[in-house]
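Novice: The residues making up each chain are set out below.
Number of protein chains: 2
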Amino acid sequence: MSLVVEKYGGTSVGTVERIQAVAENVAARARKGDQMVVVVSAMSGETNRLIGMARDISSEPSQREMDTLVSTGEQVTIALLSLALHNLDVSAVSYTGFQIPILTDDVHGKARIETIDGDSVKKSLVEGKVVVVAGFQGISANNNITTLGRGGSDTTAVAMAAALKADECRIFTDVDGVYTADPRMVENARRLDRVTFEEMLELSGAGAKVMQIRAVEFASKYNVPIRVLSSFESGPGTLISYEDKNMEQPLISGITSVDNEAKVTIRGVPDRPGIAYSILGPVSDAHINVDMIVQNVGNDELTDFTFTINQDDLQRSIELLEPVVKELNAETVVGDTNLAKISVVGVGMRSHAGIATGMFKALSEKGINIQMISTSEIKISVTIDREYTELAVRALHNAFRLDEIETKV
Amino acid sequence: MSLVVEKYGGTSVGTVERIQAVAENVAARARKGDQMVVVVSAMSGETNRLIGMARDISSEPSQREMDTLVSTGEQVTIALLSLALHNLDVSAVSYTGFQIPILTDDVHGKARIETIDGDSVKKSLVEGKVVVVAGFQGISANNNITTLGRGGSDTTAVAMAAALKADECRIFTDVDGVYTADPRMVENARRLDRVTFEEMLELSGAGAKVMQIRAVEFASKYNVPIRVLSSFESGPGTLISYEDKNMEQPLISGITSVDNEAKVTIRGVPDRPGIAYSILGPVSDAHINVDMIVQNVGNDELTDFTFTINQDDLQRSIELLEPVVKELNAETVVGDTNLAKISVVGVGMRSHAGIATGMFKALSEKGINIQMISTSEIKISVTIDREYTELAVRALHNAFRLDEIETKV
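Residue numbers (the working numbering), protein chains in the order written: chain E, 1 to 409; chain S, 410 to 818.
Worth double-checking, as some hints may not be accurate.
[Claimed, not checked] Pairs of lysine to aspartate or glutamate residues, derived as DMTMM-like cross-links and limited to a Cα-Cα distance of at most 20 Å, are as follows: (1) K770/S / D745/S; (2) K574/S / D443/S; (3) K532/S / D602/S; (4) K129/E / E469/S; (5) K110/E / E404/E; (6) K538/S / E60/E.
[Said to hold, decoys possible] Covered by chain E, per the in silico footprint, the following chain S stretches (three or more residues, Cβ under 8 Å): (7) 462-468; (8) 681-695.
Read the hints as simulated data drawn from the structure, not as lab findings.
Computed from a predicted structure; not experimentally measured.
For glycine and all other residues, C-beta sits at the position ideal for the given N, C-alpha and C.
Could you put together the complete structure from these sequences and hints?
Specialist: What follows is the structure, encoded as C-alpha cells:
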C-alpha cells in the first residue's frame, strides 16, 4: 500500500464533467488499495471571475480580502470532487486550508507554508477515506485566510506529500511532462524522462511553466519525488528527483524563455560597500521577487546597478527606488520592459566548459544582441530584445541538438 | 454611539453595483459614529448555481460537502462588500463563520447556533472597523463547515446582535416591512408599523416570508428588537419587539398562507399512550420539521393520526413511517400534497372570542371546505384545498377589515 498525493490543476477540473473524470482516475487508484490525498485548484476561469468582480469594485483591493475571495474557488472544487467520488462509492472527505490546518505566514497573496498538521488527514486516511485538499490556500496564526500565490496548488501538493511522508507526488497538468523547450515554440522539442530537482529549479526559474518554483524547492528540501503527468492522456510523464549517480546525464536538459520581466537600472551609483543592500532591501521588503542582478563597474568610482523583476512590479519598484536614488546620490533610476530572458539549463554543464561560448555563438549567428548575462552552476541566462524570443529558443535548441535522444557525457 | 447589526439578503447584494449601494448605506451610518456589524447572504443566484453543479454530479449529495460548497457564496460577498467599503475610505474587515467563530451543532444543512465568541469582532469594532460577517454559516465542534438552512442569514444577524448586545438589528430585504397579507395576493394589504415577537413567530410559521422563524425565536429569547426594512427604498419598516402595555393592539395582525406543505396520515392507529411519540420520533430524528399535528378519535379504539411537513420531506417521511405502521399494527400511511394552510394571527385574539367563528364563516361563504384545524393562543390555522389559497386569504383580509387603519380594542 502506497500513500500517494495527486494534484489536479484548474484545467483538469474546469467543468463538472472533468471533475467526474478526475474522480474516475482517483477512484481507480483508491480501489487498488492506495491511500490517496488529492489536491485541487479552482475550476479554470473561476479565479479570474472572482478577481474581475473585485476589480470592478476596487483598483487596489486589500490583499486580505482578495485571499478570502479567491480561496472560495478551491473550496468549491473540493466539495464537488468529494461528491463525484461519493457517487462512485468511494469514501471521501474534503479539507480546506484552515481545516487541515496549513499554517502560513501572513503575507497575503504570496504566503509561505510554515507548518502542516497532518494528524486529521492521517486519521481520515486510516478510516479508508480519500482526502480532497484545497490547494493554494492556508491560514495564518492570526486566523486570516491566506493564499500561496500563482501555482500555489503545486506547493500545497508537495508540502502535503512531505508532511505525510508520501511515497509519490503526482502533478497532473495540461502537458504530459517537462520538455527540452516549449513545444509551442520549438516543433521538435522532446519530453524528458527525468530531470533533477536542481535542473527543475533552474528550468522553473527560467520560465518553464510546468511547475511553480517554490513547489520544486519544497520537494527538493524534503526529498519528495514528483511525477509530472497529463490529465488528458496517459503516459510516463517526467520524474523529478535527486540526481542518481548511475543515471546518464545529458549535457543540457532544456532551453527556456521568460518574456514578462522588466529591467530596473540605477545609473551613477557610488561604488561602495552596502550599495546592493541599500537598493535591493526596500524591493525585497515589498515582497517583490528579484531575478537577475548585474552590477557593471564604471568610471570615476561610479557604477550601474541593474536587476530584473516581474514587469507587473516595475512601477512599484521605481517608486520605491526614487528616494533611494536621492539618498545614495545616484544619478537616476530607469525601467525597461523590452526584454526576454533566455536560459540554457543542464546538470551536465558542471563538468563541461564551452557551453556559454556555444550559446553566445548561436545567438550571434542570428544577429541577436545580448544585454545582460548571468550564470549559475547549471544554468546560463541572457537577456535579449523581446522580439527575438522564439528565434533565440529555436536557434539554441538546434545548436545543442536537443531534439536528438540523450547521449552519455 | 449605538452598536447596530444590519443584514442584507441575496437580492440586496445580487450584483457588484448593489454591493456598492449597500456599502454607501453602511458607510453613511458608520460615518455618524455608529459601530456597525453587517451580515450578508450570497449574491442572489449564486447558491442555486453551486447547488446546480452539485446536482449535476450527485442526486443525493453529502450534506457536509454541500455545506462546504454553498458556504463559499457568503464568503465571496463579505470580501466584495469589504472591498467596496474600503473604496469609500471606510475601514472594514470580513469574518467567515469559522473566523468569528460561530459554533453550531453538526446537523449539516440545518445547523443550530450554539455559541458565538464575540471577542474578535468586538476588538475590530473598537479599532473603528465595520465588521462584515458571512451569514448562514458556522463551524461545528469537529471543525466542519455548517450552514443554518434557508434564510439562515437572518438568524446569524440576530445571533450576532444578541452576542454583541447590539442596540438594534436591522433586516434589509426586498419588501419594506411586514404586511397584513402578502401584497401579491391582496391588493389592499397594509404595512404594519410594529408587531410583537409572538405575532411574528406565528406569522413566520404561518407563511410570512419576511423572516426566518428561528431568527425571530432567537430575537425573542434574547430580546433583540428587529426592524425590517427595504434595501431599495427608504421608510420606517416594521419594528418587531416585545408587546408594549401602552401600545394599541389590533385584533388581528395578518393573514398568511403556506402552499408547500404536505399531509401525512396514518390510518387505523390503536389509540394508546405513546403513539404520537412512536410516530413523530423517527420523523424528528431525521430533522424533518413537523408543523400541524391532528389526531382524530375514531371507532373501535382506532384513531387517525395526521401531521403536515414540508412537501420536500414527504417521500422520506413515508419511508420512515412504513416500518412504524407495521410495528404499531396500524392500517396504512398515506401522503397528500393538495393542501394549503391559511392562518389568522394576532395578539388581540387572546381577549376576544369569536375569531374562529368569523374565520369559518368567511371561508364557508366562499364554499371553501376545511380539512384540518389547529389553534394556538394567538393563531388559528386551517388547511384547505390548495387551489383556494388566494381566494381564502382575500376573503379573510376583507372579513377582518385589515385594510383599515388599526383601531383600539
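Novice: Does each hint fit the structure? Answer for all of them.
Specialist: Now the hints, each set against the structure:
no.	hint	verdict
1	K770/S / D745/S	26 Å, violated
2	K574/S / D443/S	14 Å, holds
3	K532/S / D602/S	35 Å, violated
4	K129/E / E469/S	19 Å, holds
5	K110/E / E404/E	39 Å, violated
6	K538/S / E60/E	19 Å, holds
7	462-468	holds (count 5)
8	681-695	violated (count 0)
Consistency note: the structure conflicts with the earlier hints numbered 1, 3, 5, 8.
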